[in-house]
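S.K.: Residue numbers (my numbering), protein chains in the order written: chain F, 1 to 256; chain C, 1 to 342.
Bear in mind the hints are in silico, worked out from the structure with no lab data behind them.
Each statement offered as a hint is correct.
Using 25 Å as the maximum straight-line C-alpha spacing, the simulated DSS-like pairs for lysine-lysine come out as follows:
(1) C:55 <-> C:205
(2) C:341 <-> F:87
(3) C:152 <-> F:87
(4) F:55 <-> F:76
Label-pair distances were calculated between CB atoms; the ranges are:
(5) C:209 <-> F:188: 51 to 61 Å
(6) F:1 <-> C:209: 56 to 66 Å
(7) F:136 <-> C:160: 11 to 21 Å
(8) F:113 <-> C:66: 55 to 65 Å
(9) C:149 <-> F:136: 24 to 34 Å
Computed from a predicted model, the values in this text were never measured in an experiment.
Positions of the beta carbon are idealized from the N, C-alpha and C atoms, including for glycine.
Here's the letter readout for the chains.
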Amino acid sequence: MLSIQNISINYGTNEVIKEVDFTLRENRIVAILGANGAGKTTLLKALNGSLRITKGAILLDEKPLESFSRREIAKKIAVVAQENETKFPVTVLEFVLSGRFAHGGVFGWETDNDLQIAENALEMCDLKDFESRLMNELSGGERQRVVFARALATEAGILLLDEPTANLDLSHQAILFRLVRERCQTCNSSAVIITHDLNLASEFADQILLLKRGQVVANGTPDEVLTAENLQEVFAVEVFLDGHPVSGKPRITMSY
Amino acid sequence: MKTVGHNHPEAKIRREQSLSSGASHDPHRFLKIGVGLVILLILVLFAAILLGSEKLSFFDLSESQSAILFDIRIPRVLLGATVGASLAVAGASLQALLRNPLAEPYLLGVSNGAALGTMLAIAFFANFEFLRPLMAFGGSAVATFTVYQMAKSRAGMNVERLVLSGVIITTLLSSIIVLLTSLLDATKLQSFTFWLLGDLSQATKNGFYLTLIVVVFGTALLASQAKSLNLMMIGERDALDFGVEVTRVRLIIFAAAAALVGTSVASSGSVGYVGLIIPHLIRLTVGSDNRLVVPFSAIAGAIFVVLADTVARTIIAPRELPVGAITALIGAPLFIYLLRKS
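In isolation and in its complexed conformation, chain F is listed as follows (with noise of 0.2 Å):
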């Protein structure tokens, strides 16, 4: 579980998260929505202590974020950061063989066992015949993908992930939603995700935490959030509402 406490993160004088306050509980997916600049980073990368709290403070598992190393961090929580090139000619089955580095020693090879969960990751995330690619010979979608098999492959409770269906083709971006909510619903596990597909967010997210400059606009179910006014408001763009023909959440149109 993590419970974030009225945080607040300065870039200098510019303060870009202002009194932040929401509790991240198990089998739950969080969604973040806002527009560019809302704080959306900044504010997950808090979430794993990669960046400093200026006020308030973040608890992991009722304790302190601070008062854990960076290895006992990468254990419980997991990240799919927006895509980062590499210009060393790195695999891709090393590349999700580094999300074991929190389990191995800080010397040595990774174990078997290392080798058979990122394996699994990799064929969960429709990657099997890529294990001996190399990074920077794939598409910026299959990278994404790469990128969040290295995150299940920490076998992490905790998710963090930053647009991770930004470069994804349809049905890629169903396998990854899918797979976030049966991690949660299976393994007592928890995911924070940022994007700006307000359907996709209304359809799998149990709570949305709606951003505007830094503070919290609106926090709720998806049918509490999504509202015209709401939308209105952060994103300043008129919207239609109605419910989804199969699952009956908010779905949302556009007005041009």
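Chain F is already provided as a structure; the job is to place chain C on it using the hints.
M.R.: Then chain C, alone, in the frame of chain F:
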């Protein structure tokens, strides 16, 4: 998106290729490469000791020949090996740390920092020989840190910024070195010019012992960080997210690289491009895993500089070239090729 089936011949080829770049797949192959490199190093050392303007064998030596062999030839060849290993290992780990295959001690100004430190020690504390490697270490540490700070921006570090920062610091240090050289007396000038280009002809036993100690400990230290470097090589943020104590690893790498470059420059000047050529060749052979790249670079770097120095002292015998001229002749074109490729 399964474009290639599991038993499709292409998939099979890919799986086989994975053995050439995979991490822990085939320890035997890597053992073979390691043992092969060590054997090659031993052969090259013997050959280099026997070759030279004065033909030597290990038997039936006259007194003067024995002096050449034990006081000049052997220390020089062994120093070449430790210097080559130092520079290659420093290059390999700086490249992974800075996420840039073009990072190289000589091009980053690290070598020039060490050279300036050494010259200051010679100019002001000529009687305290032990200060030379220490001040060289100080110089390379300051140069490394400055270039790193210059190249860093909020968006991270890119190739252009890093190379430019390296060039700026290198030229700045070079002009200070030239200034110092012109203040020194003229008889020392020729040997300094040689030394600046990287020259093993002043090799001493003490120089060899010092570089040997530093290269053994330095390589062990860097190899111990290789697993962390594998993540740093992908991205600093990634490394932090997945459990690497980034700040500590960075400090260890910078310190170890500065010590390796510092001691080798203090004993033999700035032998350029070794740290570029060798890690590149090793990565082509075994892939990017630093647990292999770091130790293999050490052995291959030793082989390379011993060979280059053998060429340097035999090609126009009895006159000699500085070994740095040979390594630069090979390294500069490779650098251009790599820059174009990135």
